[in-house]
Amino acid sequence: MSATALSALQEGLVSCETCGLLSRPAGADQRGRCPRCGAGLEARRRQSIQRTWALIIAAAICYIPANILPVLTTHTLVSSESDTIMAGVIYLYTSGSWPLALIVLVASVMIPIGKLVALGYLLISVQRGSVKNNRDRVRLYRLVELIGRWSMLDVFVDAFVVALVQLKPLMSVEPGPGVLFFMAVVILTMVAAQSFDPRLVWDSDGDGQGRNG
Amino acid sequence: METVACPDCDLLQRIPELPLGGKASCPRCGKTLAAQLPDPLDRPLALTLAAAIAFVTANAMPLMSLSAAGREASTTIIGGAQQMWLQGREETAIAVAVCAVIAPACYIAFMLTALLAARRSPAPRWVGTLLQWADRMRPWSMNEVMMLGILVALIKIAQLATVTPGIGMYAVGVLVLLLSTIAVTFDPREIWKRVAWANGRKASPAPHPAASAPAAP
Chain X
0 MSATALSALQ
10 EGLVSCETCG
20 LLSRPAGADQ
30 RGRCPRCGAG
40 LEARRRQSIQ
50 RTWALIIAAA
60 ICYIPANILP
70 VLTTHTLVSS
80 ESDTIMAGVI
90 YLYTSGSWPL
100 ALIVLVASVM
110 IPIGKLVALG
120 YLLISVQRGS
130 VKNNRDRVRL
140 YRLVELIGRW
150 SMLDVFVDAF
160 VVALVQLKPL
170 MSVEPGPGVL
180 FFMAVVILTM
190 VAAQSFDPRL
200 VWDSDGDGQG
210 RNG
Chain P
0 METVACPDCD
10 LLQRIPELPL
20 GGKASCPRCG
30 KTLAAQLPDP
40 LDRPLALTLA
50 AAIAFVTANA
60 MPLMSLSAAG
70 REASTTIIGG
80 AQQMWLQGRE
90 ETAIAVAVCA
100 VIAPACYIAF
110 MLTALLAARR
120 SPAPRWVGTL
130 LQWADRMRPW
140 SMNEVMMLGI
150 LVALIKIAQL
160 ATVTPGIGMY
170 AVGVLVLLLS
180 TIAVTFDPRE
190 IWKRVAWANG
200 RKASPAPHPA
210 ASAPAAP
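Protein chains in written order, with numbering that gives the first Met the number 0: chain X, 0 to 212; chain P, 0 to 216.
In short, the hints are calculated from the structure, not lab data.
Here the structure is a predicted model, which is why all the values come from computation and not from measurement.
Quick reminder that beta carbons are idealized off the backbone N, C-alpha and C, glycines included.
Keep in mind that the hints are not guaranteed to be accurate.
Output of the computed footprint for chain P on chain X, the stretches with three or more beta carbons under 8 Å from beta carbons of chain P [to be verified]: (1) 53 to 64; (2) 109 to 120; (3) 178 to 189.
Restraint-style ranges between C-beta atoms, simulated for each label pair [what the hints assert, rightly or not]: (4) I89(X) to P123(P): 50 to 60 Å; (5) P24(X) to A157(P): 58 to 68 Å; (6) R23(X) to W125(P): 52 to 62 Å; (7) E71(P) to A59(X): 25 to 35 Å.
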């Protein structure tokens, strides 16, 4: 590697996000197609910052009804009871399976909030042109991408509880409106993570003196 | 030697010739850029084939059955989505069906076809398209999350009724293991090397992996 670290953007090259081929666009400001796979070429994901902000704001809004509205309603012969996500966690805890309560708490409460905070921090630091902790910030991004899917856990739990407990009139469970909002949070944050471009973290290193090591 | 830009930080760099089992990571951000894997086409193909069998079994067999007060009920994977739909939560039902059945099915089918077609070099162009779509399906294919979800559901219900895990449940476990192993034995660059170029240029015939040069210093 040469002494000065150069990014493809600084050299006027574009790396294809689909197949990884490095190519030189025919003209400036002209979006071409990858000669190998034919995918549209972009130096950076288009409107990455605006899109990611829009998606995490939408997710944050959906997060409120997701926690207030019930996700499951249990009907028995004598009573019917509605549970929110938090009530489900508490139910698991009081019924003696605290490891499961912890798993659901992490997946349904901590991961969605953590994703929103992490993406918000990444966006603000990129917009302020921060050049600090670049490596840690990219690690944080990879972590968000890796664990984001696990917050879908509660949706699966609800789906399978509903599918199985259909012993009418003795006992039946039906999904509540909270599931829809919770699912929206998961999908919106996953798409937000995909629309954020980690290369933006390094672009403020304008002199090309990246922290090697 | 191939010049690439790191997908995570855009740093330009050359990938050296790697020894068998060697990996190249970006010096700036640590992203793994290339790996010289043993049998880069055969191993993922064998695993994908096994995953296809596990997937069909997991979907065809009941996941678990429940009995309470002399009544019995059982469910399959798609049953989870179906009941959501019947209860009026159509959007959630679609999301469950996509993440539990459709995305994994597409991922396995695309990978299987791409790996089979890439055995001849140069491989047809559509192999690249399939690879791209397999990659798009991956984040939405959530079998491991589903498995944990089923286990939590099982324990939740176990307090109300007797629950017995079925053959489908074990098949899901096998499927999760296989899918995570495919990811480590497969480097998409190996296929891209063989695919015919969109602009008509012929792909350079890839060197046989076993004949790779020894490690660069």
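Hint by hint, here is what the structure shows:
1. Counting residues of the region 53 to 64 of chain X whose C-beta sits closer than 8 Å to any C-beta of chain P gives 0, which falls short of three, so the coverage hint is violated.
2. Residue count for the region 109 to 120 of chain X with a Cβ under 8 Å from a Cβ of chain P: 0. That is fewer than the three needed, and the coverage hint is violated.
3. Judged by the Cβ-Cβ criterion of 8 Å, the region 178 to 189 of chain X is covered by chain P as claimed, because 5 of its residues qualify and three suffice.
4. For I89(X) and P123(P), the Cβ-Cβ distance of about 56 Å falls inside the hinted range of 50 to 60 Å, so the restraint holds.
5. The hinted range of 58 to 68 Å is satisfied by P24(X) and A157(P), whose Cβ atoms lie roughly 60 Å apart.
6. In this structure the supplied range 52 to 62 Å is violated for R23(X) paired with W125(P), their Cβ-Cβ distance being about 26 Å.
7. Between E71(P) and A59(X) the beta carbons are some 43 Å apart, a value that contradicts the proposed interval 25 to 35 Å.
Going down the numbered hints, you'll see the structure goes against 1, 2, 6 and 7, while the others check out.
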